[in-house]
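Use these hints to put chain B onto chain A, whose structure you have.
Chains A and B are the protein sequences, given in the same order. Quick note on numbering: this note's numbering labels position 265 of the first sequence as 250, and the sequence is numbered without any gaps. Quick note on numbering: this note's numbering labels position 130 of the second sequence as 110, and the sequence is numbered without any gaps.
Read the hints as simulated data drawn from the structure, not as lab findings. All residues carry an ideal CB built from backbone N, CA and C; glycine is no exception. It is possible that part of the hints are untrue.
As the list claims (entries may be wrong) - Here are the simulated BS3-like cross-link-like pairs (lysine-lysine), alpha carbons at most 27 Å apart as the crow flies:
1) A/K196 - B/K246
2) A/K386 - B/K260
3) A/K193 - B/K16
4) A/K391 - B/K238
5) A/K217 - B/K286
6) B/K260 - A/K387
7) A/K386 - B/K238
Unchecked claim - Pairwise CB distance ranges, derived in the manner of DEER restraints:
8) B/L73 - A/K360: 42 to 48 Å
9) A/E24 - B/D263: 49 to 55 Å
10) A/E24 - B/V3: 52 to 58 Å
11) B/L0 - A/D251: 34 to 40 Å
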Amino acid sequence: MKSQSAEKKYLPDMPQKEVEELNASVKAASERIMADNIERMKKTDPNRPAAMQYFDEVSNFFGMRQKEIQEAKAQGRKVIGYLCVFAPIELILAADAIPVRVNSGWYDTSKLGDRIVPVEVCPVIRSTIGAKMIDLSPYLELSDAVISTLTCDGQTKLSEILSDAKQMWIMTPPRVKDSAQSLHLWKEEIKAIKTQIEKLTGNKITPKKLKEAIETMQKATKAFRRLQDLRKGNPVIMGRDAMLVNQMSMWDDIKRWTKKTEALCDELEKRAEKNEWACPPDTPRVIVTGTPMFWPDNWKLPTLIEEATPQGILVGDELCSSDRVLYDPVGIDEWTMDDMINGIAERYLMASTCPCFTSKDGNEDRVNWLLNKVKDTKAQGVIYYVIRGCMLYAMEYSRVKKALDKVDIPVYYLDTEYTREDVGQMKTRVEAFLEMLSARVDF
Amino acid sequence: MYEALLGTIFAAIVAIGLALAGVLIITIWKKDRTRKLSYLRLFIQVVSLVGIFISFTMALWLVAFFLVIFAVTLFSGRFFCGWVCPFGFYMDLIAMLRKKLGIRYWTLSDRVNGALNRLRYVIAAAILVSPLLVGALTITPASQIQFLFLRGPYHSLNLFLSPLEPLIVPWTGALANLGFVDWSFSYPYTRDIVYYINIPVVTSVLIYIFIGLTLVSTFMYRRFWCRFCPTGITLAAANRFKAFKWAPVLHINKTEEKCTKCGICKRVCPVQVTEVYEQKGGDIKTSMCLNCMRCVEMCPYEDCLKVNLGGKTVFHSRNWLEPSNIE
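Chain A extracted, bound-state conformation:
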């Protein structure tokens, strides 16, 4: 690991006292917000599934999961953070390391990030920098190395900035998917990361271990898809709850997460049989797409949608922080090392619907994904969520709108920031959209 005393290129030398003070205050605020979020989720659905109790516990950043990772680390296991869903989780699991996503969803820390990068930069990036400055995120602090994928300009420089404090492993995804050379490049990246992981953990990734890891993830995908399938019918679970479950898969122990999610699905199935719905079945069904949203602070939009009058329900999303995380499995034909590496490379590159890609036929994958999702979940409207500074998503809007107009699904472009100040204004906008949706239903 890089020694802390080395000269810092970006991060300022803040006095220890200031760091501690800021950490304490943001942490206290964050704990309050997490509790408040969960309280509000309980209020929205008074009949909330009992299995959600577990996910509430895991969702606490400063709670049991942090302790677990600390204990595992004390026993010599390594923790590998990742900033993007391009990171090959299977390889991390195969080396007996713990994968955790380290993107930040704290609003307060984005203001700290302003000290280093201008405000025009995407708040997810600024917030992650800020979290590092005051050592807030327990997962980022605990990780021995961080895998960063250069998907957008923000991520590119973020990995440079974080390298002041952490060992960064950088992967370059090609910007074009459908050519032989880009797949080749990506395969080499995956192989390089594999070597890095082996070197850090000291565990060799054998075909047997890798197969086990792939199958673990396949089981997780199965549970994940089961939950998404349940959301397609009448509302058995509020969208925020499902989103929380999806997001916890990136922080929790994946085997335990799978078990708990299956238990949740069992419970939901029983409810559906008894016709017990989380909200009235004629509630307008909404899909959110765009910039990723991270627990705990950036829970603004889903909360607004589901607490609005008229109420809406999130039946799905196209976010790399939620519905996209586990949707695609690694499919292997022959369980040889080479084929497994190929399978992993293809799953992370080709199946991705990240807007960072372009292609000669206009990058249809994301649009197709969205159209399929709209059809599957019988969604009545799409909210296109963009935080200021997120160029790639903002620029794809008109293309997505055109495609959705064709199938007569209204889209609403909602731009915001990492701040609580515009909640009132956003509420008006979201409620107007939902009212329009329910009016369409009435016709």
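Then chain B, alone, in the frame of chain A:
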């Protein structure tokens, strides 16, 4: 001597077939969802091997068999290559051995594969025509009967059937070579050459080179011979008609919206067909496909790939995510 030997082989094959049927039953019982169709295919391959073996010595049966296959191929594609052909079965067995050894196959680069796709009709035509040209030079009035049964120099005319012949390819080929018995039992392509170049040393070398090459190439590349097999190409040419609307019998159908382009279908295809991956929805138009349906079996998205038979879906891709415990 022959009958006794064939009888032994036949018994052995039946035994193997029964054992494989047992494997199939156990597999289905274990609910390995990504391999059900593959094992069914294996079973059918064994059954057809036995069936062909019985009808093997009867030329008229072979002709009838060929006509049926040709007619069905016109409407449904090269199912023969994937499900019936004994030589294909032999290649699948080699692939299984390779899997057991944990060695990965090689793939032809896109450029070579593309070139092969354009050239394979030329290659097939060359293989088909060259024995005929040589044969035409040696016609005698006495060979009229031979002509009738596609025997002797006219044997090359039943090249359509040639993969049916070498049931246990290297073995019968080698046996015929060593014993200098009836050429019609040896390996067809070499046999045609051998028939005219009747120098023992040359023939044995040629035969062993051919057998060695097919064995090694199949070990390295999946279903290598299928990519320019004259029988396969003949069937592929017939299969081209399938693209017409008036014969919509068997198609692989793709739903573009459900596809996330994960590339699994492209990777698992034993003959590197890229159309399933590249085509934007609708019926897949390719003449190379062996109809082994491995892509449909492995596609992890519910209903994305479908096998339509006469407008009805008989098999579709499923959310198969129950990891296999076999292999």
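Taking the hints in turn, this is what the structure says about them:
Restraint check: the Cα-Cα separation between A/K196 and B/K246 comes to about 21 Å, which is no more than 27 Å; the hinted pair holds. For the hint linking A/K386 to B/K260, the alpha-carbon distance of about 21 Å falls within 27 Å, and the restraint holds. With a C-alpha separation of about 23 Å, the suggested pairing of A/K193 with B/K16 holds against the 27 Å cut-off. For the hint linking A/K391 to B/K238, the alpha-carbon distance of about 18 Å falls within 27 Å, and the restraint holds.
At most 27 Å may separate the alpha-carbon atoms for a hinted pair to count; A/K217 and B/K286 meet this at roughly 22 Å. The suggested pairing of B/K260 with A/K387 holds, with an alpha-carbon distance near 19 Å, which does not exceed 27 Å. Proximity of A/K386 to B/K238 is assessed by CA-CA distance (about 19 Å); at most 27 Å being required, the pair is judged to hold. The supplied range of 42 to 48 Å is met by B/L73 and A/K360, whose beta-carbon atoms lie about 43 Å from each other.
Distance hint check: the CB atoms of A/E24 and B/D263 are about 54 Å apart, consistent with the given range 49 to 55 Å. Checked against the given bound of 52 to 58 Å, the beta carbons of A/E24 and B/V3, roughly 56 Å apart, stay inside it. Between B/L0 and A/D251 the C-beta distance comes to about 38 Å, which sits within the given range of 34 to 40 Å.
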